[in-house]
Amino acid sequence: MTTHIDSTFLLHGGDYNPEQWQKYPDILKRDYQLMTEAHINTVTVGMFSWSVLEPEEGVYNFDWLDDVFDHMAAISGKVILATPSGARPAWMAQKYPEVLRTNERGEKMLFGERHNHCFTSPIYREKVRNFNTLLAKRYGQKDNLLMWHVSNEYGGECHCELCQEAFRTWLKRKYGTLESLNDAWWTIFWSHRFTDWKQIHSPSPLGDNNLQGLNLDWRRFVSDQTIDFYENEIKPLRSITPKIPITTNLMADTTDLMPFHGLDYQKFAQHLDIVSWDCYPTWNNDTESVAHTGMKVAMIDDYFRSLKQQDFLIMESTPSQVNWHPVNHAKRPGIHRLSSLQHIAHGSDSNLYFQLRQSRGASEMFHGAVISQDGSNQTRVFKDVQQVGIDLSNLAMVKDMPHRKSKVAIIYDQDNMWALMDSQNYAQGTKQYWQTLQKHYQYFWQHNIPVDIISPQTDLSAYKLIIDPMHFLMSTAFMTKLDQYIKSGGVVVGTYISGIVNELGLAYLGGWPQMLQQLYGVQIEETDTLYPKQTNQIFFEGQSYLVKDYCTRINSTGAKVLATYKKDFYADTPAVTENHYGKGQTYYLACRTDLDFLMTFYDKLTSRFKLAETLPLQADSSDVSIQIRENKQTTYIFVLNFDESEHMLTLSLPLVNMLTNQKEQGEVRLESYGIRVYQINK
Amino acid sequence: MTTHIDSTFLLHGGDYNPEQWQKYPDILKRDYQLMTEAHINTVTVGMFSWSVLEPEEGVYNFDWLDDVFDHMAAISGKVILATPSGARPAWMAQKYPEVLRTNERGEKMLFGERHNHCFTSPIYREKVRNFNTLLAKRYGQKDNLLMWHVSNEYGGECHCELCQEAFRTWLKRKYGTLESLNDAWWTIFWSHRFTDWKQIHSPSPLGDNNLQGLNLDWRRFVSDQTIDFYENEIKPLRSITPKIPITTNLMADTTDLMPFHGLDYQKFAQHLDIVSWDCYPTWNNDTESVAHTGMKVAMIDDYFRSLKQQDFLIMESTPSQVNWHPVNHAKRPGIHRLSSLQHIAHGSDSNLYFQLRQSRGASEMFHGAVISQDGSNQTRVFKDVQQVGIDLSNLAMVKDMPHRKSKVAIIYDQDNMWALMDSQNYAQGTKQYWQTLQKHYQYFWQHNIPVDIISPQTDLSAYKLIIDPMHFLMSTAFMTKLDQYIKSGGVVVGTYISGIVNELGLAYLGGWPQMLQQLYGVQIEETDTLYPKQTNQIFFEGQSYLVKDYCTRINSTGAKVLATYKKDFYADTPAVTENHYGKGQTYYLACRTDLDFLMTFYDKLTSRFKLAETLPLQADSSDVSIQIRENKQTTYIFVLNFDESEHMLTLSLPLVNMLTNQKEQGEVRLESYGIRVYQINK
Amino acid sequence: MTTHIDSTFLLHGGDYNPEQWQKYPDILKRDYQLMTEAHINTVTVGMFSWSVLEPEEGVYNFDWLDDVFDHMAAISGKVILATPSGARPAWMAQKYPEVLRTNERGEKMLFGERHNHCFTSPIYREKVRNFNTLLAKRYGQKDNLLMWHVSNEYGGECHCELCQEAFRTWLKRKYGTLESLNDAWWTIFWSHRFTDWKQIHSPSPLGDNNLQGLNLDWRRFVSDQTIDFYENEIKPLRSITPKIPITTNLMADTTDLMPFHGLDYQKFAQHLDIVSWDCYPTWNNDTESVAHTGMKVAMIDDYFRSLKQQDFLIMESTPSQVNWHPVNHAKRPGIHRLSSLQHIAHGSDSNLYFQLRQSRGASEMFHGAVISQDGSNQTRVFKDVQQVGIDLSNLAMVKDMPHRKSKVAIIYDQDNMWALMDSQNYAQGTKQYWQTLQKHYQYFWQHNIPVDIISPQTDLSAYKLIIDPMHFLMSTAFMTKLDQYIKSGGVVVGTYISGIVNELGLAYLGGWPQMLQQLYGVQIEETDTLYPKQTNQIFFEGQSYLVKDYCTRINSTGAKVLATYKKDFYADTPAVTENHYGKGQTYYLACRTDLDFLMTFYDKLTSRFKLAETLPLQADSSDVSIQIRENKQTTYIFVLNFDESEHMLTLSLPLVNMLTNQKEQGEVRLESYGIRVYQINK
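Residue numbers (my numbering), protein chains in the order written: chain A, 4 to 685; chain B, 4 to 685; chain C, 4 to 685.
Since the hints were derived computationally from the structure, they do not count as laboratory data. A portion of the hints provided could be inaccurate.
Repeated chains share a single entry, so a pair holds when one copy, or any two copies, can fit it.
Claimed, not checked - Once the Cα atoms are required to be at most 25 Å apart in a straight line, the calculated DSS-like pairs of lysine-lysine come out as: (1) 386 to 26; (2) 111 to 201; (3) 635 to 685; (4) 551 to 238; (5) 635 to 175; (6) 467 to 607; (7) 175 to 685; (8) 111 to 246; (9) 386 to 201; (10) 666 to 145; (11) 386 to 570; (12) 26 to 177; (13) 569 to 386; (14) 311 to 563; (15) 98 to 563; (16) 98 to 175; (17) 270 to 563; (18) 175 to 26; (19) 238 to 145; (20) 98 to 201.
Pulled out of the complex, with its shape left as it was, chain A reads as follows (with noise of 0.2 Å):
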């Protein structure tokens, strides 16, 4: 197992499908014509490519796949090889339906689309293991088969007999006994005792939705399902080509970019040898600046980077819109090259695309690509990927860099996200979990100081400061481990709503867990959230600042209040605190605030914690992006613009820019969507 990409470069390039080509030979040929111009080096090729690569049940036709091989071989690029299992061929389904899933209403689904396999049927396993064996045998030696990219964006759920057997299984191995299940999903509320195992249905709207333990384990039944589904379709790969690395590309869901809802991640990563995800923002919309476009891919990118804490890819992007976007806005100038350089910045190894070659029917026809139906290279969109992949060139040199150290990390928990979406109580429309990180990550991210996002299983000791909200769903084992972690000198900032339920969803008993009423040096009395249309204030070094949704009523049994709540009946009482223990401090935020708070509270930390990076330049906007990627010889300086205006930038030593290999000192104009990587050897 490695997690070493075998190449000098960067990766560029994509998804690429010649076998919808293969009755257009002139296109196929100048298509790697074409990638040569783009400066491609990599493709991704035989995803979705079943029914072409075994047209009938064990009849086989990999001549176009040996083909790709070959013709990248000739202009010095690598393969990526992905498996087939994202979509079945049709002769599958119509001659074993049980591949195909059964929905939460237990209607059995149809062929058609794609990601719909059933992940525990025994016969789709074996028609999956025996194809990555057949793939791993014929491409396994190739020189530029680069990684195994196993199947495609793994989610969804299937809800047929065969997975009821293999979630009680799952319950069987997890509770050992009916009354141990009983009690910890409560079952007794409402008469649901199980007295029989065989009585255990995943959720569905025809029975259960609401039993928040049954919901939580099919959540992470499904979650390990899916990476057991996962296992058994790397095993011939691991062991015909055992120093391939292998990856799944990951997503975010919806336009803030939060870690798809469907899968722990965090688990699932370490399963992977590298993480790679595909990342589709919505630049230049009409809701938001694309400064808050970019701190959101930041911390999107941030989150996949700390799940193995080493280098990962972009698997995917697009060179311009996409297809399935309410509205699908063409990337102004410069975001391309702003966009994938990001990428870079924050850790990617790689700019991928789908796709390479625009298809020309059927249901991605219009998604953006290297390529276009009318196979031109004279477009906006080719001529930017062509820059890109210049800039890449240029850049060679920080692949396998990893990104600055973080001294701050940012808890997200996948168990909290599901526990605390399904949990009735609060505001189901104000919940807004990630959105909530995104708010404490945003300080950082505009004072460029780098920030982790870890999961509670993450070794804390790295780390001068700790921010956790919103810990709903909470483990005494994470409340020790931040106990050791402030003695030891560590500082957590807390808020409303953590520490609610343990790790099965029961609510603590007795009052907050004494633990963390010592850290924070508070006690709850209890949280009121607010309606829509109604605020409060609180006062902070004599300064007023609205709050909204959660408020919660606290004692300080100790702490230092820090700002008190301005009206309604707990008028005057604290609203924030803080805390001496151990070594440590803690500080509670009982309230949610807008942006303004956090921006002086962080501040005030910032200085006191002293998290600020020295940098040997500076912007005159939070709006250009500082990162840094680097080794003990050389560090890499990237300076993203993400306004359209342009900014300047103060040098205070000369410094060289990778992109053109200029020297630059002073003050330095920074072009709208401008971008500079300067070098500095240590």
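Model the placement of chains B and C on the given structure of chain A, informed by the hints.
For chains B and C alone, coordinates are given in the frame of chain A:
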């Protein structure tokens, strides 16, 4: 059969689920201690306990329930015993699938949730009857058994083949022949003529959803079948414990607190000994004043009080927030006391809670409770409950004391609600039957004039004024009743969209029914339904008032025109009329006005028909509500300030405030959300 | 086959359902009296009457229908006889379940509603054919049988196994081999390659919903299968009554009055002798002026007129309100007359109503009718109908008289509508194909220039100007047709998002089709889809105009640049161009403008290409529409004031108003919603 609650006190307590805590003996022990502290005198137990009481078929476990009776006896407390039919055990669903519901698409439901038994299933009916027999035998003789609480919040419907057959039988009983049914449903339209009873199926998105006669009869059948299920439930209770009164808890819909849409409570109430209901308003929300919420609660309290024209019970309410509102807002200080005593003021003999002890897991774990998961007696919520406990003790003498007799009644007709909402006509978005009744009610509430909310079956003779808005489905029997009432001196206010269809839902032929024409002295020309942004105005006594939504064109055939339209093609035609008829008087409001007009209009009627109450005190705000309970000897005057601001009360004679046992006189300061209960001996 | 309606008068009447009133002989008798009073000369009967006509299988009851022919004959009236297939009897659904539809989830529908037969079922087809044979034999020789009205508002689809097989047969006929089908649908994408015809299934949420080729062919199949069902229906009618013309009533969708989305009417019309349609606009709503509604009705009337380029019929309209709009607003005085005569003005030879007599129950009981449930001849609605009856008598001579020939045509392409709306690209919310056509149409309507709405199959040679917006799916055959047309001197206006995919829905390769490049003299660079809040501007002849939604970047390769973009990265590039080509001229609008630009733009074209009509009168407002019907001898000029305000008309010569038989001259005052029909003998 008795309608008397055998207690000398107002009930204070609520749902208690010790079966959830059998593994937590300390908690069980502490619960009774905390109940004593909170002045709890009554617990409701056994609801949803079937899976604990009968963990396997025929195996019973009553020990914990025996304990409840003993523990409550030890603190001189009462027990309301619930039958467990609201949620059946998993083993029963597994062994006898017919007990599960089938939905309107014909999908068999899975085990899960609650309130989802087939109400026809012979097996379930037998199981329920047998279990209730066991309960009645075991606990029927307990001294502190106060009442039967049958099932829980009956509602919903089943579409299985057993229910289809029951529906057909119900129809045969009603119509005798298919020809009568075909005539009544006007099935000849769209070729729906039935020639075999088997062809009839409940409304379904897969079949018919737009046959009004079918829809209306289905709603009636569902209501009747639910009552029939209830009658099956109570058979053993009536026979074994004839002296124990029986109730089931009724509900209100939406934040407008409308009578539950699914059942005809006006019919159901005849089968109950005592009416009880579950009240969950959204106090201090961000769209209306507390006084407005208070008015809505007052009206629905009056509706439930009017169902049997006797005292009622609050069976469920929350000491703090619920967990299922879109926003679960904490109760402001004073609100719990105010809202609890409001029910007493309107004729409730209880303030019971869901729930005494918060559960640790599952779907209502965050619903407010007297004792929350922290087990504390120091929370604001616990102390609020304690205060109400003390208040109820101080008010014990109002138990069984009737609410002051109303001179005014508003007609609410469940059949009309169903038929009107299902009729395809007018504008679905602006029908708002209950909300329109609320507008009329609001005048009287603000003027401290008691109002009954009655059905068309109620005897009208006791009232001076009958308000009968939007009575779309009106039987000729009711018209005759109105006729008699008015001839004998009654006063009636009617409105647009009344008397359109008969009790079958068939349109009256030959124009507006003659009897209505005579009563009101007007003819109906046509009803104009306005778009939301369109309005008109009417002139009434020199003032202009906005009207919207519905404008009926009428001709006076003898009525005096009180107001006319300002514009549009019916400018200057009558909008409000007055007619002398027999010894009585009628008013026809041809259009929908806002509250401003109703205030002026009812001022006129109040003065003319002497509707106002003479009271020994007066408040300086219409946000202060005054309600009276009294018998021949004594009058209790409840004064409730629904404003966060203080108000002044002027007493015309010295009065004793029962909550403090202090005498007050002259100008009295009524605190924010403040309350007085004055006693006057006649 | 005849397209001639055998009557000397314009048809006035509509749907009549005496079968509903067989138990009400007084009503039946009065109906004919009232029809005479209302100048009704035609009834449509038999629709949805199957369950009365054949109450049991093989048992018939035609007496009441015989009576209708006799009664109508007695008042010299005509009968349009409907076939009853729109709703089958319950006994048939019970005995032969295959006649019921299966929905897209594979759920078998229950009996209920209407328009829900399986259009493939051999049993239903046989039943329908047999029944229609009976009808044709019994009534075919009746003197007053005017026309066959086949079924009712065909629409919807069935997914049963019979239909799946029919779909596969249709596909085999179209594609011959699976390979061709796989190529056309580009099934190689996502591994969808079919290897057995049985693998193909109609679009379904349980299977495929995003395979564009499948979706498009399914829509075409549904359309063809519906036509095939219709052809089966009419076989006995054609054979037994060859001289009786046949129609079915077509529909418009939404309040924008778009052609019904479910069928290809441009194809269907070829199978009809006469086009008839059902028109239900929302006059006097609260979001647009009456003139705007009038423009929308005018355009869809012109669409239906253009389907066969001949007179059409209004088969249904309401004399007052409908019952199924969100708000069912009463028609303002004058609106019924105005809207009825508007249809005549556009080429209708009828104004028929749904319905003559309002039904007493069931789902359309509140739909407006000539005779409402009150049975009165004194209602405003009845009198409005009477007036229209008199008007139509006065206008009898315009029957069969064609609408003035149009020099201008707008292309509407049903395949394009389907493909464009289903394409995943651009922004779903702003595609608005028909609404965009309406914007172009509006200019001509406001300038009293007649317009045809034609299909790509229509002969273009008769037109001076072809407007062809958003022609996303465009065949090369049509491009060639445009080429010929322009070369011969035609003028074409084209826009953004045109010529993107071919008739299979596959993208054109190698850039924008050469032929279009030549015609327009431009190359397409890329299309920018804007977010809703984003706009740009264009400069045209010194003025600036707002543009939004779509901005295509183009290069002129010879075209003259008429307008350029103001800002964004395509600032100063061409936005509107003009090109000389052969003897003709083309205009390319690269972006979506508002109406203001189109007004200026088409003014230019109208003047340049002499599109304006010379009229002997002129109105002082563009809300007054002028439409002309004429033959070689006579011209009838319809003047329709769609404004509630009066307007002035200036006559350049004295003219006789046919509605009053009065001569008018000079300045004529046109009342609110007023109408004139002037006759000019040539």
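Structure-based check of each hint:
{"no.": "1", "hint": "386 to 26", "verdict": "neither (27 Å within a copy, 70 Å between copies)"}
{"no.": "2", "hint": "111 to 201", "verdict": "both (20 Å within a copy, 17 Å between copies)"}
{"no.": "3", "hint": "635 to 685", "verdict": "within (7 Å within a copy, 96 Å between copies)"}
{"no.": "4", "hint": "551 to 238", "verdict": "neither (51 Å within a copy, 53 Å between copies)"}
{"no.": "5", "hint": "635 to 175", "verdict": "neither (50 Å within a copy, 67 Å between copies)"}
{"no.": "6", "hint": "467 to 607", "verdict": "within (14 Å within a copy, 71 Å between copies)"}
{"no.": "7", "hint": "175 to 685", "verdict": "neither (56 Å within a copy, 71 Å between copies)"}
{"no.": "8", "hint": "111 to 246", "verdict": "neither (40 Å within a copy, 52 Å between copies)"}
{"no.": "9", "hint": "386 to 201", "verdict": "neither (60 Å within a copy, 45 Å between copies)"}
{"no.": "10", "hint": "666 to 145", "verdict": "neither (41 Å within a copy, 95 Å between copies)"}
{"no.": "11", "hint": "386 to 570", "verdict": "between (58 Å within a copy, 21 Å between copies)"}
{"no.": "12", "hint": "26 to 177", "verdict": "between (53 Å within a copy, 21 Å between copies)"}
{"no.": "13", "hint": "569 to 386", "verdict": "between (56 Å within a copy, 24 Å between copies)"}
{"no.": "14", "hint": "311 to 563", "verdict": "neither (37 Å within a copy, 59 Å between copies)"}
{"no.": "15", "hint": "98 to 563", "verdict": "neither (69 Å within a copy, 61 Å between copies)"}
{"no.": "16", "hint": "98 to 175", "verdict": "between (32 Å within a copy, 22 Å between copies)"}
{"no.": "17", "hint": "270 to 563", "verdict": "neither (38 Å within a copy, 62 Å between copies)"}
{"no.": "18", "hint": "175 to 26", "verdict": "between (53 Å within a copy, 22 Å between copies)"}
{"no.": "19", "hint": "238 to 145", "verdict": "within (19 Å within a copy, 67 Å between copies)"}
{"no.": "20", "hint": "98 to 201", "verdict": "between (29 Å within a copy, 11 Å between copies)"}
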